[in-house]
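Novice: If you're matching them up, the sequences are chains A and B in order.
Take 1 as the starting number for the first sequence in the working numbering and just add one per residue.
Take 1 as the starting number for the second sequence in the working numbering and just add one per residue.
These aren't lab readings, by the way, just hints derived from the structure by calculation.
This structure is a prediction, so every number in the text was calculated from the model and none was measured.
Be careful, since some hints might not be right.
Claimed, not checked - Cβ pair distances, simulated, as ranges:
no., chain 1, residue 1, chain 2, residue 2, range
1, B, P182, A, G11, 23 to 29 Å
2, B, A140, A, G51, 32 to 38 Å
3, A, E2, B, A144, 27 to 33 Å
4, B, W80, A, G11, 34 to 40 Å
5, A, M34, B, A23, 36 to 42 Å
Claimed, not checked - Derived lysine to aspartate or glutamate pairs resembling EDC-like cross-links, with alpha carbons at most 16 Å apart:
no., chain 1, residue 1, chain 2, residue 2
6, B, K112, B, D122
7, B, K228, A, E43
8, B, K170, B, D122
9, B, K228, A, E2
10, B, K112, B, E48
We treat Cβ as the ideally placed atom computed from N, Cα and C, and that holds for glycine.
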Amino acid sequence: MEAIQSFLNMGGYAAFVWPAYGATALVLAGLSAMSVVRMRANERALAELRGADDEEDA
Amino acid sequence: MHRFANPTRFVRLAGRVQPWAAALALLCLGAGLYFALFSSPPDYQQGETVRIMYVHVPAAWMAMFCYVVMAAASASSLIWRHRVADLAAKATAPVGAAFTLLALVTGSLWGKPMWGTWWVWDARLTSVLILFFLYLGYIALQNAFDDPARGARAAAILAVVGVINVPIIKFSVDWWNTLHQPASLTRLDGPAIHSSMLTPLLLMALGYTALYVWLAIIRMRAELAETKIRAIRYRQASGTAPAPQES
Numbered sequence: 001m002e003a004i005q006s007f008l009n010m011g012g013y014a015a016f017v018w019p020a021y022g023a024t025a026l027v028l029a030g031l032s033a034m035s036v037v038r039m040r041a042n043e044r045a046l047a048e049l050r051g052a053d054d055e056e057d058a
Numbered sequence: 001m002h003r004f005a006n007p008t009r010f011v012r013l014a015g016r017v018q019p020w021a022a023a024l025a026l027l028c029l030g031a032g033l034y035f036a037l038f039s040s041p042p043d044y045q046q047g048e049t050v051r052i053m054y055v056h057v058p059a060a061w062m063a064m065f066c067y068v069v070m071a072a073a074s075a076s077s078l079i080w081r082h083r084v085a086d087l088a089a090k091a092t093a094p095v096g097a098a099f100t101l102l103a104l105v106t107g108s109l110w111g112k113p114m115w116g117t118w119w120v121w122d123a124r125l126t127s128v129l130i131l132f133f134l135y136l137g138y139i140a141l142q143n144a145f146d147d148p149a150r151g152a153r154a155a156a157i158l159a160v161v162g163v164i165n166v167p168i169i170k171f172s173v174d175w176w177n178t179l180h181q182p183a184s185l186t187r188l189d190g191p192a193i194h195s196s197m198l199t200p201l202l203l204m205a206l207g208y209t210a211l212y213v214w215l216a217i218i219r220m221r222a223e224l225a226e227t228k229i230r231a232i233r234y235r236q237a238s239g240t241a242p243a244p245q246e247s
């Protein structure tokens, strides 16, 4: 318990160390999630559009 | 390089690289975080704040690396009109901007306890802030024109001109007096850092690089699908005339 507490305390610098790691995790995970969502949406829209296009041509 | 200027070939190669880049990123970041937070020692001067280094320094490296990639891709898109190069530059910009933002934020969080200030207008910090604005300018310029091709061209020119800022950032700590410490790794007499700290630093740097490769592929695929959608919509709107088939 004490070991965890001293780890979280970061030698008194918890207010600086943890926000740095938190900001990193937030920005990188956020960018990754946004990128994947956008790629999936675009590729799905393209597939649908192509399907519709083929029917039109037929 | 010219072989990969073909979007079809790019899609095939990207599909093969994508899962490996994701796996490498997860592996390196996982191991890097373990070393950074648990098995590396506190600094004898900086105490535990030295752990900020493991997220700050690789972010700053990636900020510059992404800019060089973006500028090189922009140059080849201007010179050879490579479509994939244009996609690469466009996909890199938001990733580079994110790393630059993280370098600034984590640097500020490191500066407050060690220098006693969140921010100073010295050469290193100011030139990195300019780098962030160059990324934002690049992204804004792309969307500033009705014709995406014109936006891409204008943004590419900005990216190429702005590359002058990268050596300024790199050498700012040698050319001017600054609070920021000089390079610890890229020195003629070898890295001035113990292996217990070098290991997490390099692992995080490799993890960031793999993450960038993965993100670039994902964003290029999104961009490629978007241009194809635009081409199909244009063809539908302009009637029966078949547009040149895009792979």
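Novice: Enumerate the violated hints, using their earlier numbering and listing them in ascending order.
Specialist: Violated hints: 3, 4, 5 and 9; rest satisfied.
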